[in-house]
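The whole structure should be built from the sequences, with the hints applied where relevant.
If you're matching them up, the sequences are chains A and B in order. Quick note: the first sequence uses this note's numbering, first residue -7, plus one each step. Quick note: the second sequence uses this note's numbering, first residue -7, plus one each step.
Don't take each hint at face value.
As the list makes no split between identical chains, a pair holds if one copy fits it or if it spans any two.
[To be verified] 16 Å max Cα-Cα, derived EDC-like pairs, lysine to aspartate or glutamate:
#: 1; residue 1: K358; residue 2: D228
#: 2; residue 1: K48; residue 2: E220
#: 3; residue 1: K80; residue 2: E66
For the record, the hints were derived by calculation from the structure and aren't laboratory data.
There are 2 protein chains.
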Amino acid sequence: MNENFSTFHHLECASCGQRFAKTEPLNLCPLCHQPLFARYDLERAAQLIDRSSFAKRESGLWRFHEILPIERPENVISLGEGGTPLVKANRLAAELGFNNLYLKDESLNPTGSFKARGLSAAVSKAFELGIRKVALPTAGNAGGAAAAYAAKAGMKAFVAMPADTPAPFLIECEQCGAEVERIDGLISDCAKRVAEKMRQESGWFDLSTLKEPYRVEGKKTMAYELTEQFGWSLPDAIIYPTGGGTGLIGMWKAFHEMEQLGWIGKERPRMISVQAEGCAPIVEAFIQGHEKATPAKNAQTIALGLRVPGAVGDFLILRAIRESGGEAVAVSDDALMQGVRTLGSTEGIFAAPEGGATVAALQTLKETGILHENERIVLFITGGGAKYAELF
Amino acid sequence: MNENFSTFHHLECASCGQRFAKTEPLNLCPLCHQPLFARYDLERAAQLIDRSSFAKRESGLWRFHEILPIERPENVISLGEGGTPLVKANRLAAELGFNNLYLKDESLNPTGSFKARGLSAAVSKAFELGIRKVALPTAGNAGGAAAAYAAKAGMKAFVAMPADTPAPFLIECEQCGAEVERIDGLISDCAKRVAEKMRQESGWFDLSTLKEPYRVEGKKTMAYELTEQFGWSLPDAIIYPTGGGTGLIGMWKAFHEMEQLGWIGKERPRMISVQAEGCAPIVEAFIQGHEKATPAKNAQTIALGLRVPGAVGDFLILRAIRESGGEAVAVSDDALMQGVRTLGSTEGIFAAPEGGATVAALQTLKETGILHENERIVLFITGGGAKYAELF
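Take a look at the structure:
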């Protein structure tokens, strides 16, 4: 065992602060049922690596292994995730009246979305802890990623997805050997089915996002990567389409880690959360000044990744937005689908509807004066449009 | 202008050997109507770079810019192509009775396939030469890639694709702003429509593969990358699904360049071409010892990228296979679709049918004793399965 592969130290509840040993598989905090965070020995990490350590390493998520929770390299289950391009978007910028727009194109991950980051980390850690059967609810992309990484690890996967999810998401899971059930209802109903499955059959581990501590660790690498790509400086604003919000929470955690590592200062990008008008619980809670969100009723949007009525980490999303001086914006389905077309025709990226939502939000934020034309702004294109094609 | 950005020197006919200046847009050789190859000042390239030059550079195709044909960095039209993972496939290997299998997963390119490499190079060079309207026939993925890179460059794209191509290919082109026509017939009929369009309207440039000299230059980077990923050694065999065969031709060209650069010796991998039983002109010509292929009649296969009745570069494909001591194998549609399932369930890669064909071929090559269990073998997964989902 290479003791320097990871500086993972313990788990800590993001709400009550209680510590737990890293050696047992855990889901939510056993005391207060809130998400657990992985904590690292960052002093030791700062001795092992510095900002110049990564450029020499292979591209991708695992170049940051010292600050990821997998302890033995042979347990890393990888399909080449991370290392996605940061593209300067000059034609989109000209179209929308900005000068410094960037796209972080997460569609170049395995299985075509940012979900690969979280699931690579979570399946790897589950494998390391001896788990061989993983289950999760999904709006689509997380299921495909879980099925893929489970297959690579030789593990079983159970995926519950809404019955109205486009067929390619189902087929991807099936071709990767997962057991898939289509559920009449939303992702929240799928979560209930996963819980039921786990009561009926032993041995399944729940990989629902933020109900286990490691998907957020995979997602946090988006911030490490982005900061490295900007030469260890930070953009002024990050526009992030928010369903479960794990990426936003993870990036916020990563900025804190980077400050402790001495790699960045106290500055932060403004974290701007985008939701769909038909399902905007974070936007409502942000406007009303609430610490937690009220689950959306009759959630409906064509951007299926945003059709998440209630997020386990709602308080963490809202905290990050507020601490960063950010914003939360809702956009209509028409506007986000127009955003996809604008993105495709100006920048050549055929994005999933969630990516289009960032373009739509940018227009709103310009009109309301919240973002200015010379600010350095990153839009997260969380996945590709191919699996969603029937919606166009 | 950075004179060291590229060592591109001139164009040379792959058949008659005539040289042409690099400054004019050209399609086929004006004398004998065969493909043109870009030639470099490799002596100067060897002074500028060596095998250790690339690891420090950003991941992706353009790290090899000295041996690519674009002469000014500002003309590079990039969406983050190349730098795709080389995955050790231990579970697939165990399933098929091999010990050293690798997958080159080209689905992690922009637009989800290896076509991004060729079109990034070709659109960049067209842009550099002042062309602003590009047209091509496609079986699907080349159209999406052309539309995407043309959009990024602010160029117009015209794409002709068979009417039975699955809808996501069409939608991707349209969302990227291309003009698309669906043609009753095969890619060869689409090529006729492109020629007609060019007669009817001025200003269009034909980007059909090997009918212009630069798509093959983008594709050749698969060999540079692979060799770098193997630490500047070579695998024993490469299994490559062959429609137009540009990648195979490009890789073979790259191995010669690498030898001239002093980066590899005279050894070569055996180049193994895989086609579908319903459209196997290269396999037939190989078996019959012909230098050129007879176009397939009634071409039919579910692997649409392999439904290419006649390849412009047939003699170059056949030459590479023979010079390498390689093989050409045809597999059934049933076998290749089973290959997709095997790949998905063992390695977590949901491949397009062409990728499944390499798995099917590997089984045949094992049974016939052509490949041995300890050989180091690379399967090219040329694209992802998402756009093909309706075929499953």
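ask   = Checking against the hints above, which ones are violated?
value = none
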